[in-house]
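Chains as they are written, first to last, in my numbering: chain A, 75 to 382; chain B, 91 to 534.
Hints were generated in silico from the structure; no laboratory data involved. All C-beta atoms in this analysis are idealised placements derived from N, C-alpha and C, irrespective of residue type, glycine included. Please note that a few of the clues may not be correct.
Taking CB as the label site, the calculated pair distances span [unchecked claim]: (1) 500(B) <-> 264(A): 48 to 58 Å; (2) 264(A) <-> 436(B): 27 to 37 Å; (3) 80(A) <-> 502(B): 53 to 63 Å.
Here are some chain A residues the structure puts well away from chain B; computed CB gaps all over 10 Å [said to hold, decoys possible]: (4) 179; (5) 225; (6) 312.
To give a feel for the contact side, a few chain A residues facing chain B, derived at Cβ under 7 Å [what the hints assert, rightly or not]: (7) 198; (8) 200; (9) 204; (10) 353; (11) 366.
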Amino acid sequence: MEFFLQNVVNALQWGSFYALIALGYSMVYGVLLLFNFAHGDIFMVGAYVGFFVATGLLLLVSSLGLVSMPGWVVLVLVILVAMFITAFVGVAVERIGYRPLRQAPRASAAITGLMIGIIFETGNLALLGARRLSFPELIETTTYTIGGVTVTNKRIMIVAVSLLLMFALHQFVQRTKWGMAMRAMAYDFAVVPLMGVPLNSIAALTFGLGSALAAAAGILFGVAYPVLSPYMGIVVGWKAFVAAILGGRGSILGAALAGFLLGFIEIFVATIFPSTLRDLIAFSIILLILVFRPHGFFGEAHTSRLRL
Amino acid sequence: MTAINSKLSTGKKDVSLFLQKLWEPFSVSPMLGWLIGVLIAVLLEYTVGLYVARMLGLPKIPVLFGVLIMLETPILFPSAVLYVLIIFIIPIALIARFTAPLTNTLAGKLIDVQPWLAVLVHLGLFYAALHLWAEINDYRVLVVRLTLISIILTLSLNVVNGYMGEFSCSHPGFMALGAYGASVFTLFLFVDDRTFGEALLPAQLGFLMFPLGLVFGGAIAALGALIIAIPSFRTRGDYLAIISLAFMFIVKSLIENLEFVGGPRGLGGQPDWANLPTVFAWTVICIWVTNNFVKSTFGKALNAVRDDEVAADAMTVNTRQTKMVAFLFAAFWAGVAGGLFAHVLRYVNPGSFGLQKLAEILAMLYFGGLNSVVGSIVGAVSFNLVSEALRPLEILKWIIIPVIFILVMIFRPTGLIAFTELNVINIIRPKNKAAVPQNVEVSQ
Chain A
75 MEFFLQNVVN
85 ALQWGSFYAL
95 IALGYSMVYG
105 VLLLFNFAHG
115 DIFMVGAYVG
125 FFVATGLLLL
135 VSSLGLVSMP
145 GWVVLVLVIL
155 VAMFITAFVG
165 VAVERIGYRP
175 LRQAPRASAA
185 ITGLMIGIIF
195 ETGNLALLGA
205 RRLSFPELIE
215 TTTYTIGGVT
225 VTNKRIMIVA
235 VSLLLMFALH
245 QFVQRTKWGM
255 AMRAMAYDFA
265 VVPLMGVPLN
275 SIAALTFGLG
285 SALAAAAGIL
295 FGVAYPVLSP
305 YMGIVVGWKA
315 FVAAILGGRG
325 SILGAALAGF
335 LLGFIEIFVA
345 TIFPSTLRDL
355 IAFSIILLIL
365 VFRPHGFFGE
375 AHTSRLRL
Chain B
91 MTAINSKLST
101 GKKDVSLFLQ
111 KLWEPFSVSP
121 MLGWLIGVLI
131 AVLLEYTVGL
141 YVARMLGLPK
151 IPVLFGVLIM
161 LETPILFPSA
171 VLYVLIIFII
181 PIALIARFTA
191 PLTNTLAGKL
201 IDVQPWLAVL
211 VHLGLFYAAL
221 HLWAEINDYR
231 VLVVRLTLIS
241 IILTLSLNVV
251 NGYMGEFSCS
261 HPGFMALGAY
271 GASVFTLFLF
281 VDDRTFGEAL
291 LPAQLGFLMF
301 PLGLVFGGAI
311 AALGALIIAI
321 PSFRTRGDYL
331 AIISLAFMFI
341 VKSLIENLEF
351 VGGPRGLGGQ
361 PDWANLPTVF
371 AWTVICIWVT
381 NNFVKSTFGK
391 ALNAVRDDEV
401 AADAMTVNTR
411 QTKMVAFLFA
421 AFWAGVAGGL
431 FAHVLRYVNP
441 GSFGLQKLAE
451 ILAMLYFGGL
461 NSVVGSIVGA
471 VSFNLVSEAL
481 RPLEILKWII
491 IPVIFILVMI
501 FRPTGLIAFT
511 ELNVINIIRP
521 KNKAAVPQNV
531 EVSQ
């Protein structure tokens with residue numbers, strides 16, 4: 075039982091990264107019916123932006139000789155600033171790679187997305203070199219043991235921040251006018267712009283929101299696994315993409331749940347079987363789920379092909 | 091603003107008019123003339139290339155038309171251009187232009203005798219030129235073989251993503267299945283190997299049986315495709331994309347866990363049977379078969395399914411069967427390409443069939459153009475040549491290539507040459523006005 079609970083804790087942490095990234099894929103798909111294949115690399119960019127903001131902030135604090143800020147204040151600041159900056163990266167990706175292709179076949183936009191992702195990776199490698207940066211230690215690790223289950227404060231923080239962000243996103247989409255516009259666009263891509271809803275602004279907003287969430291995921295990832303590399307976004311990004319599809323395309327709740335589910339599957343497979351079998355079994359399970367639920371958990375069937 | 095615009099557009103017009111004027115004398119040269127020109131130019135390089143290169147101050151024969159030299163040592167730029175002019179451009183242009191009357195009659199006669207004979211003669215000339223060009227160093231041989239394999243891959247993906255209009259991501263997986271299938275076939279039967287023990291059959295027989303090994307690899311890939319095809323083609327939309335992506339991860343992970351093929355360390359020691367003629371022959375067969383496949387009623391049914399599945403169904407197209415056959419066909423060729431790939435590099439590991447490969451194949455396909463055999467060939471060749479030519483730039487290469495692709499996608503969203511049919515007779519027919527073909531009704 076303790077063993078089980080321990081793995082549940084691990085899986086919650088691992089799944090929250092997937093869930094946060096999957097939300098970005100899912101929102102873009104919901105509004106534009108496109109996959110943003112640069113999203114995994116935006117996660118990487120977010121982690122690096124977080125790294126630079128954190129180092130800069132620490133330098134600033136120490137050089138000004140201020141009273142040292144508590145670590146969690148710095149972390150919250152870093153997350154907010156990095157989310158803000160990365161949101162603009164996402165908007166730029168939409169502007170350069172997706173808006174010119176709005177009338178083009180959908181696959182063309184997928185290719186530009188892939189290519190922008192490659193530019194991010196190589197650009198990072200060219201600018202920063204092959205050395206791996208390590209994320210600064212902002213909060214000290216404290217370990218709690220509750221009934222035989224070890225939990226660190228970082229783990230609790232990561233899961234809590236992820237859930238908080240997901241809740242905030244849900245409120246935004248359900249309660250605000252912009253959120254309503256996004257939902258309307260997801261409902262009918264063709265008619266809603268005729269009602270005076272600005273398609274381009276909504277698309278930019280969607281990319282921005284998704285990228286901000288990816289940046290948050292990147293920083294939390296950096297807190298948990300402090301080594302950053304230019305290619306850290308590829309595998310995580312593609313797996314989160316799978317989770318987004320599994321949740322049902324365009325469904326926020328579905329993406330979050332599927333992200334956590336993927337985390338659970340991976341962690342439990344890795345503990346029960348040899349860890350080399352992780353991808354094999356995890357993807358086989360996903361394949362099976364998709365065979366029986368072709369549209370994911372919460373997706374609706376697209377009866378006809380909408381754009382190609 | 092308008093003044094500038096009109097000035098710009100007249101400038102553009104001037105350039106295109108100039109190019110048209112430049113091209114005009116050559117418009118009468120048939121493909122036969124060009125091929126003979128290329129062959130002679132290559133012969134020229136083969137015999138006096140080194141001498142000319144030394145005279146121009148180049149250390150050795152420029153490997154890829156001088157592009158590498160230009161990027162590595164820009165000071166040699168004029169010499170490299172001069173070399174290309176002297177050895178390639180001027181001889182080819184002269185021969186193509188001045189033998190035009192002769193080659194036109196010859197090409198006309200050949201087509202009149204037997205169209206397939208004409209095609210074979212052209213292919214033979216092309217292969218001779220390619221072989222001589224590649225012969226000069228090993229690097230060229232490798233580049234040419236990998237480029238030809240890319241053509242097979244791109245073409246087979248075009249059947250699914252272009253002609254069928256789905257988005258499949260599983261080609262690296264099929265390639266891996268084909269590569270490992272063919273490798274196990276040859277290693278098990280014909281090679282004394284540590285993993286598989288003694289050869290069961292004499293190695294001399296092996297080269298003749300190599301096509302069988304490739305077909306075996308292709309068949310395994312097609313079998314894998316069946317696993318995707320059965321659940322995927324019940325619904326439309328982006329369902330195939332995700333299933334095929336999951337399949338790709340599964341195949342890679344499966345091979346990493348199979349110890350008897352080396353696991354993550356990979357599998358090496360394949361015999362060197364995938365030489366240039368073999369790869370070339372398989373590429374030609376693939377182009378021929380695929381071209382006939384997409385031009386057949388079956389291919390037309392495939393296009394109908396892409397454009398409107400309900401309507402196609404109403405017109406008695408068995409949509410599910412059509413999609414399955416096309417998908418298996420594509421997977422088969424991807425498997426063959428994988429088998430050739432394994433025997434060209436003589437080593438495979440599961441790491442080479444991952445997301446990077448997927449991005450590469452997709453890029454080649456969408457760069458060249460959907461729904462077009464010529465587009466796939468152009469896409470594969472240009473991608474490989476550009477990526478080899480920019481090699482001296484090292485890391486910047488992977489910024490320049492994506493930028494090129496983004497620009498192509500923005501200005502030509504369907505790729506360079508999309509939605510065209512490959513008509514071989516049209517390419518090789520004589521170009522003078524007297525010999526307009528009299529309804530030659532042969533599809534290759």
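Right, here's what the structure says about each hint:
{"no.": "1", "hint": "500(B) <-> 264(A): 48 to 58 Å", "in the structure": "23 Å, violated"}
{"no.": "2", "hint": "264(A) <-> 436(B): 27 to 37 Å", "in the structure": "54 Å, violated"}
{"no.": "3", "hint": "80(A) <-> 502(B): 53 to 63 Å", "in the structure": "55 Å, holds"}
{"no.": "4", "hint": "179", "in the structure": "6 Å, violated"}
{"no.": "5", "hint": "225", "in the structure": "31 Å, holds"}
{"no.": "6", "hint": "312", "in the structure": "6 Å, violated"}
{"no.": "7", "hint": "198", "in the structure": "10 Å, violated"}
{"no.": "8", "hint": "200", "in the structure": "5 Å, holds"}
{"no.": "9", "hint": "204", "in the structure": "9 Å, violated"}
{"no.": "10", "hint": "353", "in the structure": "4 Å, holds"}
{"no.": "11", "hint": "366", "in the structure": "9 Å, violated"}
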